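Colleague: Okay, so the sequence shown: first residue is 0 according to numbering that gives the first Met the number 0, each after it adds one.
Worth flagging that the hints you see were computed from the coordinates, not collected in a lab.
Quick caveat, the model's predicted, so the values are computed rather than measured.
Ideal Cβ placement from N, Cα and C applies to all residues, glycine included.
Among the hints, a few may not be true.
[Stated by the list, open to error] No farther apart than 25 Å at their CA atoms in a straight line, the calculated lysine to any residue pairs in the SDA-like style are these:
| no. | residue 1 | residue 2 |
| --- | --- | --- |
| 1 | K34 | L235 |
| 2 | K215 | F174 |
| 3 | K238 | A108 |
| 4 | K192 | E181 |
| 5 | K75 | Q101 |
| 6 | K225 | L203 |
[Claimed, not checked] Ranges between beta-carbon positions, derived for each pair:
| no. | residue 1 | residue 2 | range |
| --- | --- | --- | --- |
| 7 | E104 | P32 | 44 to 54 Å |
| 8 | P83 | A266 | 20 to 30 Å |
| 9 | V211 | V259 | 50 to 60 Å |
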Amino acid sequence: MKVGFIGLGRMGAGMAVNLVKAGHELLVFNRTPEKSRALAAQGATVADSVAAACRADAVVTMLADDQALEQVAFGKGGILESLPAQALHICSSTVSVACSEQLTERHAAAGQRFVSAPVFGRPEVAAAGQLFVVAAGEQRAIDAAMPVLEAIGQRTFVVSPIPKIANLVKLSGNFLIASVLESLGEALALVEKGGVDPHAYIELLTSTLFNVPLYKNYGALLAEGKFQPAGFAAPLGYKDIRLVLAAADELRVPLPFASVLRDRLLALLARGGEALDWSAIGGLAAADAGIERG
0 MKVGFIGLGR MGAGMAVNLV KAGHELLVFN RTPEKSRALA AQGATVADSV AAACRADAVV
60 TMLADDQALE QVAFGKGGIL ESLPAQALHI CSSTVSVACS EQLTERHAAA GQRFVSAPVF
120 GRPEVAAAGQ LFVVAAGEQR AIDAAMPVLE AIGQRTFVVS PIPKIANLVK LSGNFLIASV
180 LESLGEALAL VEKGGVDPHA YIELLTSTLF NVPLYKNYGA LLAEGKFQPA GFAAPLGYKD
240 IRLVLAAADE LRVPLPFASV LRDRLLALLA RGGEALDWSA IGGLAAADAG IERG
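Please put together the full structure from these sequences, using the hints given.
Modeller: Set out below in structure tokens:
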């Protein structure tokens, strides 16, 4: 399958490599040319524009936010103008429900197909091809997208024929992850201030009540106070919680703790945490308690 790929950040680069490994003919475009050249060494062809990356059966976007995606999709020489009729846009970016809805409408009007397929997993998981994919779209579009989705993930969950529902599910998942970061950080601060070794505490939790990757991986980061390099940068986490609140507002669903998380992430950014992993919100409780880690 001939696939264009736009957005070669830490997540996108790993996804793109796995598409090459799966035997797809890959065209890559990134605003920073060096990242495209790195993929060329893996067997991809470098496209010199968004339009060139769209000369394919499908194009995948993995971009930071609504603004970046809308510029690539709707701008002059963008995806809407350049993707052939009946070709497929697979959006793996974590964007707003409203943005996904607009993409669905605009692609339909252009005679193109659209699948929303955001992913769960950090950069190392993307590089290993072990992401979990949340997909939504019309069945024919999902069927067409499946060879791509199978190459980047270990399992694809099809949640709806309506693309924006995948974005709602993804945002709800990130809300839950952020909730764990905050609550686990608070619990760690409590027991550490009382004299318990944080590493031993994480070992206890993850060997008993919370024997899951989320607690193991983030628990280790919190216990060590190691928030760089950022697998998922704090500004992106802040963006996602704001998108959760926007979706909740539209659906008239109160999410009191999401407002707490927004403020915690904002506090982290106000303290100069732009370059930190979003798990650093879990370290705020330790700092508030006068505990120094790392």
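Colleague: Each hint should be assessed against the structure and marked as holding or not.
Modeller: Cross-check of the supplied hints:
Distance restraint check for K34 and L235: the Cα-Cα separation of roughly 20 Å lies within the 25 Å cut-off, and the hinted pair is therefore satisfied. With a C-alpha separation of about 18 Å, the suggested pairing of K215 with F174 holds against the 25 Å cut-off. For a cut-off of 25 Å, the pair hint linking K238 to A108 is broken: about 29 Å separates their Cα positions. This hinted pair checks out: K192 and E181 have alpha carbons roughly 17 Å apart, not beyond 25 Å.
Proximity of K75 to Q101 is assessed by CA-CA distance (about 17 Å); at most 25 Å being required, the pair is judged to hold. Proposed proximity of K225 and L203 is supported: the alpha carbons are some 20 Å apart, at most 25 Å. The hint said 44 to 54 Å for the Cβ distance between E104 and P32, and at roughly 33 Å that hint is violated. Restraint check, P83 to A266: a C-beta distance of roughly 47 Å breaks the suggested window 20 to 30 Å.
For V211 and V259, the Cβ-Cβ distance of about 23 Å falls outside the hinted range of 50 to 60 Å, so the restraint is violated.
Of the numbered hints stated above, those contradicted by the structure are hints 3, 7, 8, 9, listed in ascending order.
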